[in-house]
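Asks: Put chain B on the given structure of chain A with help from the hints.
Chains as they are written, first to last, in our numbering: chain A, -10 to 129; chain B, 30 to 244.
Worth flagging that the hints you see were computed from the coordinates, not collected in a lab. Errors might be hidden in some of the hints.
Under the rule of at most 20 Å between Cα atoms (straight-line distance), these lysine to aspartate or glutamate pairs were calculated in the EDC-like manner [claimed, not checked]: (1) Lys33(B) <-> Asp51(A); (2) Lys55(B) <-> Asp22(A); (3) Lys55(B) <-> Glu217(B); (4) Lys34(B) <-> Asp51(A); (5) Lys58(B) <-> Glu19(A); (6) Lys211(B) <-> Asp22(A); (7) Lys223(B) <-> Asp22(A); (8) Lys83(B) <-> Glu238(B); (9) Lys211(B) <-> Asp52(A); (10) Lys33(B) <-> Asp52(A); (11) Lys58(B) <-> Asp22(A); (12) Lys55(B) <-> Glu19(A); (13) Lys33(B) <-> Glu217(B).
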Amino acid sequence: MNPKLLPSNIVFFCFLIASIATLGSLFFSEVMDFVPCSMCWYQRIFMYPLVLIFLMALLYPDDKLFKYAMPLVLIGLFFSIYHNLLMFGIIPESIVPCVQGVPCSTEYINWFGFITIPFLSLIAYVSIFLALYISNKKVS
Amino acid sequence: MKNKKIVFISLILLLAGFFAISSFYKQSKVEELSSMSSTGAPFIRDHSPVFGNKDSKVTVVEWLDPECGSCRAFHPAVKKVLNEYKDEIKLVIRYVPNHTNSEYMIKILGAAGKQNLYNEVLEVIYYYQPVWADHKNPKPKLIWSYLENVKGLDIAQLKEDFNDPIYIDQLNLDRIDGQTLKVRATPEFFVNGKLLEDFSYKGLLNLVESEIYKN
Chain A
-10 MNPKLLPSNI VFFCFLIASI ATLGSLFFSE VMDFVPCSMC WYQRIFMYPL
40 VLIFLMALLY PDDKLFKYAM PLVLIGLFFS IYHNLLMFGI IPESIVPCVQ
90 GVPCSTEYIN WFGFITIPFL SLIAYVSIFL ALYISNKKVS
Chain B
30 MKNKKIVFIS LILLLAGFFA ISSFYKQSKV EELSSMSSTG APFIRDHSPV
80 FGNKDSKVTV VEWLDPECGS CRAFHPAVKK VLNEYKDEIK LVIRYVPNHT
130 NSEYMIKILG AAGKQNLYNE VLEVIYYYQP VWADHKNPKP KLIWSYLENV
180 KGLDIAQLKE DFNDPIYIDQ LNLDRIDGQT LKVRATPEFF VNGKLLEDFS
230 YKGLLNLVES EIYKN
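Isolated chain A (complex conformation) (with noise of 0.2 Å):
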């Protein structure tokens, strides 16, 4: 066996993580309703591809798959991160590049006084994140 081969429970479990967001925010989208502002499409952007990836990883184990999907998601993380400094008020919206629709600090949901969109779109990111570093950390 390729020693470099992630073990196929972490990609499985970045592939439910990357499936449920996917369903997720289509469902918030498609069928709630709530009109996505400009920040939720870029994470979207970076999302919807890994769940191709990491399905195609499980089918035909690679032992590149940390090559491919690590770049999607460093930026999609990039942009979460970005997007919840908003949400906390931290980074003023003035600065953001939401030129018409919906205002990117929108909050649509707010499940115990911290659980909004973008925050469900952060613990999705990391998790991936740290699942795919650390297990890749130790194949190599």
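Replies: Using the frame of chain A, we list chain B on its own:
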């Protein structure tokens, strides 16, 4: 090969769960909407302009924006339906101020309603919409000169009533109700609380007729 099976099963479970929850959610929304009173808030408020037969049991609520091009384009269809069934239905106007000068025009409409010239003024606002609501260079103030064409309209009185803060309060109530009913696009129609989905003259006519001839 056992792993691949798990992958496929979880994929199917995820998708099935998504569609099941979606249809469940949509169904509960439809029930929630139909349980709301279609003759009062959030569909109708006391301040809303009403046309047709005010005692009619069939209520058509139109959510419009004077600055919206589709509202302008759809206006003749609404007039036709109202003309055909003016004794059977009542038409209630609510606002969705989605554009920069929507509020300006809604205030004019409110003041015009006071002089019983609502429809005449709405015609003028829609007719000249491409001029005053030009996307690059909107000139809402131009409307005042066009309004001089409306017979019997007291422009001085209109200008005075235009600044009445009550129109802002009423508009804010429309905003709140619009959010409750999830009205985002304009124009949007509810006939006795039922959302118009087939957005055409025929669609509106069908929905109105189905409510009139229900009993």
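Asks: Which of the stated hints cannot be reconciled with the structure, identified by number in ascending sequence?
Replies: Of the numbered hints, 9 and 13 do not hold.
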